[in-house]
Amino acid sequence: MIPWERVGDTVSTKIDRQEAAVLRGLVTQIGDMIESRQAQAPQDELAELTGMRTGPSTAPDDPILARLLPDFHRLDSDEPVSKADLDSAAALRSLHEPELLDHKSGVVAVVLDTCPPGGGLVKLSAEQADAWLSALNDVRLALGTTLGVTEEMPDELPDDDPRAPHLGVYHWLTWMQESLVSALAEDG
Numbered sequence: 048m049i050p051w052e053r054v055g056d057t058v059s060t061k062i063d064r065q066e067a068a069v070l071r072g073l074v075t076q077i078g079d080m081i082e083s084r085q086a087q088a089p090q091d092e093l094a095e096l097t098g099m100r101t102g103p104s105t106a107p108d109d110p111i112l113a114r115l116l117p118d119f120h121r122l123d124s125d126e127p128v129s130k131a132d133l134d135s136a137a138a139l140r141s142l143h144e145p146e147l148l149d150h151k152s153g154v155v156a157v158v159l160d161t162c163p164p165g166g167g168l169v170k171l172s173a174e175q176a177d178a179w180l181s182a183l184n185d186v187r188l189a190l191g192t193t194l195g196v197t198e199e200m201p202d203e204l205p206d207d208d209p210r211a212p213h214l215g216v217y218h219w220l221t222w223m224q225e226s227l228v229s230a231l232a233e234d235g
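First residue of the sequence shown? That's 48 in the working numbering, and the numbers climb one at a time after it.
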């Protein structure tokens, strides 16, 4: 992959077949997780009448989904948690998670629609580039959670560490995201 380049109102890059396959595979996995979470939403007859959808009121059990769908009301860990605080957190999640899931599904669709399966030219509008940034961020969060990435983690792991190849992918995604941000910041 070559660095992203801005030309007028668009940004573009070239991605090879293997990179496209890796990126599309990871983005598809995120999409599948999001779709699965959407299917867990309670059936609400009132939502059908009012148009106000509700989602699950509890955080996902899966650590990756929990990272992608954080609490909308962070409870203070230094204070005792009241029932009212828990109820508030549950209500906020139930009200706002469907919109977040829709957004995440949408950015997955944009990446899959604009990343050629066999590699090649990727040319994005500013709106599509924003979707790519969001999707890349989600993939990095998911991969970082799986690998246990922390600030203290070395940039490279020993070759015999089973996480080493995946950490390389994580760094590639980070580079791709940084390159896209830099291209968007350039004057057209």
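One thing to keep in mind: the hints can contain errors.
Okay, derived cross-link-like pairs now, SDA-like style, lysine to any residue, Cα gap no bigger than 20 angstroms in a straight line [to be verified]:
| hint | residue 1 | residue 2 |
| --- | --- | --- |
| 1 | Lys-61 | Ala-173 |
| 2 | Lys-61 | Lys-130 |
| 3 | Lys-130 | Asp-118 |
| 4 | Lys-61 | Gln-224 |
| 5 | Lys-130 | Pro-103 |
| 6 | Lys-170 | Asp-149 |
| 7 | Lys-61 | Glu-82 |
| 8 | Lys-61 | His-218 |
| 9 | Lys-61 | Leu-73 |
| 10 | Lys-170 | Pro-103 |
| 11 | Lys-170 | Ala-88 |
| 12 | Lys-130 | Ala-106 |
| 13 | Lys-170 | Thr-101 |
Bear in mind the hints are in silico, worked out from the structure with no lab data behind them.
Here's how the hints hold up against the structure:
no., hint, in the structure
1, Lys-61 to Ala-173, "holds (17 angstroms)"
2, Lys-61 to Lys-130, "violated (53 angstroms)"
3, Lys-130 to Asp-118, "holds (16 angstroms)"
4, Lys-61 to Gln-224, "holds (14 angstroms)"
5, Lys-130 to Pro-103, "holds (18 angstroms)"
6, Lys-170 to Asp-149, "violated (24 angstroms)"
7, Lys-61 to Glu-82, "violated (29 angstroms)"
8, Lys-61 to His-218, "holds (18 angstroms)"
9, Lys-61 to Leu-73, "holds (18 angstroms)"
10, Lys-170 to Pro-103, "violated (37 angstroms)"
11, Lys-170 to Ala-88, "violated (35 angstroms)"
12, Lys-130 to Ala-106, "holds (16 angstroms)"
13, Lys-170 to Thr-101, "violated (36 angstroms)"
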